[in-house]
Structures are given as structure tokens and as C-alpha cells.
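Engineer: One letter stands for each residue in the lines below.
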Amino acid sequence: NAGVTQTPKFQVLKTGQSMTLQCAQDMNHNSMYWYRQDPGMGLRLIYYSASEGTTDKGEVPNGYNVSRLNKREFSLRLESAAPSQTSVYFCASPPSGSYNEQFFGPGTRLTVL
Amino acid sequence: AQSVAQPEDQVNVAEGNPLTVKCTYSVSGNPYLFWYVQYPNRGLQFLLKYITGDNLVKGSYGFEAEFNKSQTSFHLKKPSALVSDSALYFCAVIGYNFNKFYFGSGTKLNVKP
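Line order of the protein sequences matches chains E and G. Residue numbers for the first sequence follow the working numbering, so the first one is 1 and each next one is one higher. Residue numbers for the second sequence follow the working numbering, so the first one is 1001 and each next one is one higher.
Read the hints as simulated data drawn from the structure, not as lab findings. Fair warning: there could be bad hints in the mix.
[Unchecked claim] Some chain E residues flagged as far from chain G (calculated, every beta-carbon gap over 10 Å):
#1 Gln17
#2 Gln85
#3 Gly107
#4 Leu110
#5 Thr111
[Claimed, not checked] Straight-line distance between alpha carbons at most 16 Å, and here's what the computed EDC-like set of lysine to aspartate or glutamate pairs gives:
#6 Lys1022/G <-> Glu1008/G
#7 Lys1049/G <-> Glu101/E
#8 Lys1108/G <-> Asp38/E
#9 Lys1077/G <-> Glu1008/G
#10 Lys1058/G <-> Glu101/E
#11 Lys1100/G <-> Asp26/E
Don't be surprised by glycine CBs; every beta carbon is placed ideally from N, CA and C.
Generate coordinates for the entire structure from the input sequences, incorporating the hints supplied.
Structural biologist: So this is what it looks like as C-alpha cells:
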């Protein structure tokens, strides 16, 4: 099992450009999450999907959209990138159940110039 | 609202000495608490969790955490630190609807030889 995979690992964008971050999990989990990590602020939830076909906003959804394409894949799109979106983005997924820990992908380091 | 606080940005300890990384929580209802570790340029890895039962929880790599309800704390501990324990540590609490995790701001642990 690869667990949670993310592509790309690194990306540099210019202000106003768009891109999609990809996440896939092969653990047959229902829920998937997107976080951003900024120095001194920990991880902040952008969007999550409790199951295939559903998505919900987290703490910091502005400027992002998501698609839960199928059970395996959950993508994060930046329609018009801004320098404030420079961050490290993590996808995560927990097993089904109420108290389970999340499994994290390796992250995507995004720089917006 | 659910939240956790990590009052120390950085903890320095000599190899072989005991270490403590602090976490306090604020929740409505029962607390479900987690510790994660992040090594440089990697995703978060689960260390341990408290759901119910014994207040002393044992986890990976020799780490343990003590749940203290009266002090609303969940401090991470290890009896003898290793240089390889140097990393960023995050405390987290699960939301009341079990759909969301709330992370602390992180504590950088430096273990010196």
C-alpha cells in the first residue's frame, strides 16, 4: 500500500495562475482532508470530504475549491493563486470510525510569486 | 469550540535527559487527543492518542503522554531523549462531530548530543 500520495511535490506559480493539487489514498477510507501548514500556525483545515460525493469547508476555504472525484481521489484547486497561498499543503485520510488518527501524505510545497 | 494550545515554540534538551512537550486543551464534551511528529520535509506521523481509560498512554518510539483532566493537559513525555527525536511535534484534538481535527501550533524539539 502506498498510503496517501500527493502530486506534485513542489510547485512555483505566478500570481493569478491556477493549478490543481492531487491526492490519492489506497486504504479504502471514506474521509479525506486538505490542510495547509504555515510557520507558527500549525495545520489549518481548508476543506474535507466525509465521503465520496460530499465536501465541506474547513477553517480557511477562501481561494480554494475541491473535488472528490471518487473514493480514492480528492483534489484541491487554486483558481487564481495569490502570494498568501504560499504554503505547504497536506492531504490526510483516517480510517472509518470516530476516534481514528489521520494518515498524512508527504506534502506539496507551493510558492506563489 | 475545540482547541489545543502548545505554549512552547521550542524545547531544548540534552540527549539522555527526560523530555516533556506541553499541550493543553479546551473542548466541549469528552476530549479525544492525539500527538503527531513531523520530521523535516515529511508529512505528519501519528505517535499516540487518548480516547478513554488509563491516563498514561504509550505510543511509538518510546513516547508516552499523560492525560490530566483537572489541568486540561496532555503532555508528551519520553524518559530518555535521543538526538533522532529532534523534530516538530503537534498536539491535536478531534472535533465534537468527529469530522475535524484541530492542531496546535507545534513545538520544535531540539535534542543536543
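Engineer: Which hint numbers does the structure go against, in order from smallest to largest?
Structural biologist: The structure breaks hints 3 and 11; every other hint is satisfied.
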